[in-house]
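Q: Residue numbers (the working numbering), protein chains in the order written: chain A, 1 to 356; chain B, 1 to 515.
Do not rely on the hints blindly, as some may be mistaken.
[As the list claims (entries may be wrong)] Some, not all, of what chain B presents toward chain A, calculated at C-beta under 8 angstroms:
#1 Ala101
#2 Val153
#3 Phe154
#4 Arg169
#5 Ile332
#6 Ile335
#7 Gly337
#8 Met346
#9 Ala435
#10 Pro447
#11 Val463
#12 Ser464
#13 Gln466
#14 Thr483
[As the list claims (entries may be wrong)] Derived list of chain A stretches under chain B, where covered just means 3 residues or more per stretch with a C-beta under 8 angstroms from a C-beta of chain B:
#15 80-94
#16 144-151
#17 176-187
Calculated from the structure, these hints are not laboratory results.
Note that this is a predicted model, so its numbers are computed, not measured.
The beta-carbon is built from N, C-alpha and C at its ideal position, and this holds for glycine as well.
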Amino acid sequence: MNKLLYIAKRLVLGVPVVLFGLTMTFVILYLSPFDPMTAILGRDADPQTARQLAVSLGLRYPNGEPVPLWIQYRDFLIDTVTFNFGQSWVVTRGQSAAQLIWERMPATLWLGIWSVVIALALGIPLGLYAGLRANTWGDYTASFGGIVWRAMPNFWLAVMLAGLLSAGGLLSFYRGFLIPTDVIGTPAALGNLFGSYSLGPVGIPVPDPYNWAVAFKWILPAALVLGSSSMGNEVRIGRTAVLESLNSPYIDTAKAKGVSERVIVGKHVARNAMIPLLPVIMGEFYLLIGGSVLVELIFGIRGLGNLFLSAVLASDVPIIGALTYVFILILVFFNIAQDVAYTIIDPRIGLEGRED
Amino acid sequence: MCATITDSARDRDRREETRLRDRLLANPEPALRWGAVALVLVAVELGALAGGLLLLLDATVIGVTALIEVILGAFSPRAGEAVYAAQQAASGFLDGLRSAAGNVPTLLSRETIPNEGYKTGPNGPWEGTFLGLQPAVAWAIRLVLVYLYAAVVFYWVYRGWLVFRDHYRQVDWTPRDDVVDRLRDHRWGQFGIVVVLVFVTMALFAPALGPTTVEQNIQSPYSHEIQYYDAESGSVETVYVGDANFNSKSKGQGDQNVGPMTYDDYGRFHPFGTLTNGRDLFTFSVAGARISMMIGGLSIVLASLLAVIASMTSAYYKGLVDLVTILVADGITSIPGLLLLLMVGMAFQGHWLTGVLHGGFLYAVTFGIILFPSLWRSVRGPALQVSEEEWIDAAKSFGQRPRTTMRKHMLPYVVPYLLVYGSMTVGGVIISMAALSFIGSGLGINPPTPAWGRAIDMGRNYVSTQSWHIALIPGILIVVLVTGLNAFGDGIRDAIDPESEGGGEEEAAAGGAAG
Chain A
1 MNKLLYIAKR LVLGVPVVLF GLTMTFVILY LSPFDPMTAI LGRDADPQTA RQLAVSLGLR
61 YPNGEPVPLW IQYRDFLIDT VTFNFGQSWV VTRGQSAAQL IWERMPATLW LGIWSVVIAL
121 ALGIPLGLYA GLRANTWGDY TASFGGIVWR AMPNFWLAVM LAGLLSAGGL LSFYRGFLIP
181 TDVIGTPAAL GNLFGSYSLG PVGIPVPDPY NWAVAFKWIL PAALVLGSSS MGNEVRIGRT
241 AVLESLNSPY IDTAKAKGVS ERVIVGKHVA RNAMIPLLPV IMGEFYLLIG GSVLVELIFG
301 IRGLGNLFLS AVLASDVPII GALTYVFILI LVFFNIAQDV AYTIIDPRIG LEGRED
Chain B
1 MCATITDSAR DRDRREETRL RDRLLANPEP ALRWGAVALV LVAVELGALA GGLLLLLDAT
61 VIGVTALIEV ILGAFSPRAG EAVYAAQQAA SGFLDGLRSA AGNVPTLLSR ETIPNEGYKT
121 GPNGPWEGTF LGLQPAVAWA IRLVLVYLYA AVVFYWVYRG WLVFRDHYRQ VDWTPRDDVV
181 DRLRDHRWGQ FGIVVVLVFV TMALFAPALG PTTVEQNIQS PYSHEIQYYD AESGSVETVY
241 VGDANFNSKS KGQGDQNVGP MTYDDYGRFH PFGTLTNGRD LFTFSVAGAR ISMMIGGLSI
301 VLASLLAVIA SMTSAYYKGL VDLVTILVAD GITSIPGLLL LLMVGMAFQG HWLTGVLHGG
361 FLYAVTFGII LFPSLWRSVR GPALQVSEEE WIDAAKSFGQ RPRTTMRKHM LPYVVPYLLV
421 YGSMTVGGVI ISMAALSFIG SGLGINPPTP AWGRAIDMGR NYVSTQSWHI ALIPGILIVV
481 LVTGLNAFGD GIRDAIDPES EGGGEEEAAA GGAAG
């Protein structure tokens, strides 16, 4: 099958998944005992205002008749799919949900990117190391560390780390180390990553190194926590994958031919070890989106996770719906990307997708 | 044994039953010996056992009626209310029976080995504690006895299997023997089993383990009084537990701290120190273990049930059924678990369902639905594999009903895998549940019912102070339990399938719904 055709097919199959996810969101938000009127106006609202509000939210027709559920469902689907999210009810009343998401996006992206990078940069080498020195103390330390690291709840780790970094904590020196930064809150330098300088006639922005460093150091503890659980996964799976390929006959062949250790490890072992690691790396995005809620809460980062949590606690349905949709899109996209990446790394797996 | 396919399952069961009885009658001695130990073990803990069974029955009644209520309530609110009333009545009746069972004396109860008492003089002997020992020592004796008893019970169960295998089983060998033998050499898996058993014991014996009770110390501290020796007046005074708690807070600064393994001013021993509101952290933690493990167990049973149904039907019928299952599973996984839980928690706030199991029931059901796709994916392969086997075709061509084929010929092949993935997923449930309770604001376990996540939340601002124990200890409990569950899963996997060496999807599943 042609590669493009394969991607197209996967995209088409993604449509019902997105619709199903949205339907579940609708069922939870609209069919549960939850009452939007109380959420917005409080318990004892003026009936007149309540009616007007119900009309403006599309729950009732102007003549007072309730809008049938299937029409609400249809409108919800159409509006959401076309990115017409409506306005926030409670969190920042009247502001458009799309705008709010756009504002909060950079902090989450910054946190997410670094947590993936840190997890990969630490987890994969550690896994390779443990696999290459199997059953030594170094291996035991790395493996056991990975297992325990994975069992640690993100939010607890975040609480402990934030506590240790705070004034008077064991690690409070960190904030003054090299560049003075804070660790709690959204890094202000984030808005200024690309300085006022620009190159050339079209104005290509030039990264501002100092602000990058500040923003990086600021987010590092949070990113370390967020990346922790997937890091543990990578150590463990990397180790087994390396062991598996070390024991395969082609390594013996290569050794017999006198291929140097470095080439064997770099070319054969590491590359083959990547295959089982791929779903873990892609799976990180699930952990990131779920985990960012708590890590952003504890480190006080004004990102999407934090926005979702405050929307949930305030019952701000438009924001919840919009964010859920965005998250579903991201995850479905990464799932497809994962399967495509598989076919590139290991052509044997073929374009039909991997066998489960 | 050459049962033919046309036998009904019940016929065969009945025949096997009589045979086992015959075998027992022919050689009763080992079974009697084993049974005698059982009698002793039961007699010692009769009251607690009856109470536990009634609690289980109560939970089942509530669970079943809650499901009926939800289904009926969707059609007519009045029918739902009627079911709710019936549930309340039944639950009340069972509560009555339970308090009756509580009056039967048991060896390991706090009444037999009391650790709460007061000094009669400045250094003077303790009054009211076990043999006049210090509260800490009395409590430690009870703790050790509880764990000894639990160890004996677990060994006794294992022993029962050995007795059955050596004396009463007809076949000399089954694949399960190999599984057990392989577990015998698997240190990491044994570590997992031990950790899981330690926590199961903690959950089962929670009321007897704490230095004080949830009822007295946490739920209604102002309807209980304790006596203590007041150094200032030099006499024994009486104080409400609530007031004593108020003066035993762990708040970081100054002398506001009661750390682990210390006494407070009221002669109460706190193995894990106190919380920010002066309540005993150990009592809080063991009660939290109980609710955590209950929710974890319930949700995994539910998810496994769904996964079994989905894997059986989709592997048996294939085609469209399989495709629909894939779409439903993908749809559910497309929303990150924690977000779904938050949404459900928000939408159901104030609903009576949040009262069942202190709010845990609603989340257990949600977890069951969220986790079923990953469990199903992990057993889909084995189920499809076994559905291709010749014996399935044979069973089909003999005209065996699909349900019987699935249950008899496909299910046994899938169950071990469920055990592996299930044990690894429970860790994720426990972590997520703690995360929800950590957020609070109406999410997670309802206060004041103890929950690990809430203790971490309370200790959040005191991590770098002298009251570090509040957030640290419950977190360590979670880490140890989840590590143990993963080790347990690893052990079982290596035991059932020595060929497969780690790696794969379950790792991602274990990190789970995250948090």
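Q: Should the interface hint for Ala435 of chain B be scored as holding, given a Cβ-Cβ cut-off of 8 angstroms against chain A?
A: Interface hint status for Ala435 of chain B: holds (5 angstroms vs cutoff 8 angstroms).
Q: Regarding the hint that Ile332 of chain B lies at the interface with chain A, is the smallest CB-CB distance below 8 angstroms?
A: Constraint on Ile332 of chain B satisfied, holds at 7 angstroms.
Q: For the hint on Pro447 of chain B, just tell me whether its beta-carbon gets within less than 8 angstroms of chain A.
A: Because about 16 angstroms separates Pro447 of chain B from the closest Cβ in chain A, which is outside the 8 angstroms limit, the hint is violated.
Q: Are Thr483 of chain B and chain A close enough, Cβ to Cβ, to be under 8 angstroms, as the hint says?
A: holds (4 angstroms)
Q: Would the stated hint for Arg169 of chain B survive a check requiring a Cβ distance to chain A of less than 8 angstroms?
A: violated (36 angstroms)
Q: Given Ile335 of chain B was flagged as interface, is its beta-carbon under 8 angstroms from a beta-carbon of chain A?
A: holds (5 angstroms)
Q: Does Val463 of chain B meet its interface restraint, that is, does its C-beta lie within less than 8 angstroms of any C-beta in chain A?
A: holds (2 angstroms)
Q: With chain A as the partner, please determine if Val153 of chain B meets the hint condition of a C-beta pair closer than 8 angstroms.
A: violated (27 angstroms)
Q: Just to be careful: measuring from the Cβ of Ser464 of chain B to every Cβ in chain A, is the smallest value less than 8 angstroms?
A: holds (3 angstroms)
Q: At a threshold of 8 angstroms, is the proposed contact between Gln466 of chain B and chain A supported by beta-carbon distances?
A: Status violated, d = 11 angstroms.
Q: Any CB of chain A closer than 8 angstroms to the CB of Ala101 of chain B?
A: Since chain A brings no Cβ nearer than about 36 angstroms to Ala101 of chain B, farther than 8 angstroms, the hint is violated.
Q: Holds or violated: the stretch 176-187 of chain A covered by chain B, criterion of 3 or more residues with Cβ-Cβ distance under 8 angstroms?
A: violated (count 0)
The structure does not agree with the numbered hints 1, 2, 3, 4, 10, 13, 15, 17 stated previously, though it agrees with the rest.
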